[in-house]
Amino acid sequence: MKTRILPTLLLKLSVILSLFITSNALHATELLHIKKAYSPEAPPVVKILAGYMELHNPTSKDIVITGVSSPDFEHVEIHSMVMRDGMMHMDRQDTLVVPAKGQVNLEPGDLHVMFINKLKSFKDGDHIPLTIQMGKQSQSLSLPVRKSE
Amino acid sequence: MPTQALTNRTFVVILLLVSSLAFFAGYELQRSPKNKQLDTQVAEILPKPRTLSNFKLLNHQQQAFNQQSLRDKWSLAFFGYTNCPDICPNTMIVMKQFWKKLSELNIDLDLVQIVFVSVDPKRDTIGLLKDYVSYFNTDFIGVTGDMSEIEKLTQELEILYGYEEADKATGNYIVNHSAQILLLNPAAQLHAILPPPHDAGIITADFITIKSHYEN
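Protein sequence lines correspond, in order, to chains A and B.
The numbers in numbering that gives the first Met the number 0 rise by one with no breaks, and the one at position 29 of the first sequence is 28.
The numbers in numbering that gives the first Met the number 0 rise by one with no breaks, and the one at position 200 of the second sequence is 199.
For reference, chain B alone in the conformation it holds in the complex:
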């Protein structure tokens, strides 16, 4: 009887050991780098970065801005219009603060770009865009172009916009638009989405988390 009891006890101990080992092994496997969920504050990382088809737009220097322009750099892109009184200038101020934080952290600014894409090409001429983006920072890039190309790019990036009827007295019209900042990786793929409201400190922290993870 005692021997039988001992065997039973040994069996239970072994069973416990094996099951806990299996549990931890499974747990470790789940949080292996490949599947590990990145600990970001607001950034929604795409399960699989999205490759974009080519597009043909122009930057504020009248140069081509296409898929190639997004390569070998991290890009933070925002879509809006210069006559936007609130969300666009406020986001540009956040971008300006983000830029300053990156430089304070000694991050190579040549490997990052801030892109403001106009979804109101009718009013936002290249000259106007140039003055607009340079006001915030001379390194920022203003982008515009043919409506069809803007449509193509925004569709792939799931950026929405729509025009309201022009005011009869002033001729001014409002453009409703998405307010997320898009983060594109150096392979020119959509990598993460930063939803509003925007905060420079949070964006900086999330950007560094995502960038370091990507580089490793």
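This is chain A alone, in the form it adopts within the complex:
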């Protein structure tokens, strides 16, 4: 019996250890701490969705976001929202700076990720994959789709 348990235990331990190492390794490439990411569920007929999140930069250098992409959309952009000449204007942001030790919030009525032309449908509980490009580095996350009440 003992001889059987030991290999199983060792195997389990190695799996846990490798998982720990992998997650730590992944974490090392995560430049931004991303919190409260979500995408509001939209009517099924809508092809364009929004994404919101808090971007925290724990490093002592500014982080410049140079692009965003998702395999489930034709195109993804970051937009600002400004009131100009009595109209709400959405302006594409080619870059977005998250200041050193600072944060940038993407929230309703303000900066947001704009997912253009969905390639599949999304409903409450689904996840939207998103990759944030920061020059040569990139970071991936998934945004839970949430129905607003």
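Do not rely on the hints blindly, as some may be mistaken.
[Said to hold, decoys possible] Capping the alpha-carbon separation at 30 Å, the derived lysine-lysine pairs in BS3-like fashion look like this:
#  : chain 1 : residue 1 : chain 2 : residue 2
1  : B       : K99       : A       : K122
2  : B       : K99       : A       : K46
3  : B       : K129      : A       : K146
4  : B       : K167      : A       : K117
5  : A       : K119      : B       : K95
6  : B       : K47       : B       : K210
7  : B       : K210      : B       : K72
8  : B       : K95       : A       : K117
9  : B       : K121      : A       : K122
10 : A       : K46       : B       : K129
11 : A       : K146      : B       : K121
12 : A       : K46       : B       : K95
13 : B       : K55       : A       : K46
14 : B       : K95       : A       : K122
15 : B       : K167      : A       : K46
16 : A       : K146      : B       : K99
17 : A       : K122      : B       : K129
18 : A       : K146      : A       : K34
19 : B       : K95       : A       : K34
20 : A       : K122      : B       : K72
21 : A       : K46       : A       : K122
Read the hints as simulated data drawn from the structure, not as lab findings.
Since the structure is predicted, the reported quantities are computational estimates derived from the model, not experimental observations.
Using the hints provided, position chain B relative to the given structure of chain A.
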């Protein structure tokens, strides 16, 4: 001398009394119901409600939507487009919350309507609008129609919109537009403007203030 002093004092007292009376009378006159400024949180009430000229649009049930459709009900109208990712769906969610609050307050929902007018009739077909508004609430009304009629109505309501160039890769184009919610009274007149950002609680409170004042 004492009599003279007394007379002088009496005169001063009378003068004070009269002037303070006049002051309060004037003050009361100014805040008489006719001129009284309504205490709203965000709503900008028009000094004089604006009557609209007739317009011919269609609702999402393919029925005529015109000036008559705004009569005998309070209308909250928002102008946008279904491909709008942020301000339009967020405003529709606020409308949904507002609707729920009204029902909780036992306000007769037959006397209120929520209208979403598309300023992008090229893409927002009637079928699409139907699916869009019903997603938020099956009582909400989607409205669209000929560009010329939309132009006419938005001009009178001072709603602005403009199209950006289509993206070459996706064909998608952004429509910039005003974000205020308009409140129209049961005489189909523009009554008040609710500027963004929108909050269901504030809109409910202001709506009730305006409605009660109008009914009295």
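Here is how each hint holds up against the structure:
1. K99(B) with K122(A): holds (22 Å)
2. K99(B) with K46(A): holds (27 Å)
3. K129(B) with K146(A): Holds: K129(B) and K146(A) sit about 19 Å apart, inside 30 Å.
4. K167(B) with K117(A): holds (17 Å)
5. K119(A) with K95(B): Between K119(A) and K95(B) the Cα gap is close to 26 Å, so the pair holds against 30 Å.
6. K47(B) with K210(B): It holds: about 15 Å lies between the C-alpha atoms, which stays within 30 Å.
7. K210(B) with K72(B): holds (11 Å)
8. K95(B) with K117(A): OK: K95(B) and K117(A) at ~25 Å, within 30 Å.
9. K121(B) with K122(A): holds (26 Å)
10. K46(A) with K129(B): The hint holds at about 15 Å.
11. K146(A) with K121(B): holds (28 Å)
12. K46(A) with K95(B): holds (21 Å)
13. K55(B) with K46(A): Satisfied, since the Cα-Cα distance of roughly 29 Å is no more than 30 Å.
14. K95(B) with K122(A): holds (18 Å)
15. K167(B) with K46(A): holds (17 Å)
16. K146(A) with K99(B): Measuring from Cα to Cα gives roughly 16 Å; hence the hint holds.
17. K122(A) with K129(B): Judged against 30 Å, a Cα distance of about 19 Å means the pair holds.
18. K146(A) with K34(A): OK: K146(A) and K34(A) at ~18 Å, within 30 Å.
19. K95(B) with K34(A): Answer holds: K95(B) to K34(A) is near 27 Å, not above 30 Å.
20. K122(A) with K72(B): violated (34 Å)
21. K46(A) with K122(A): holds (12 Å)
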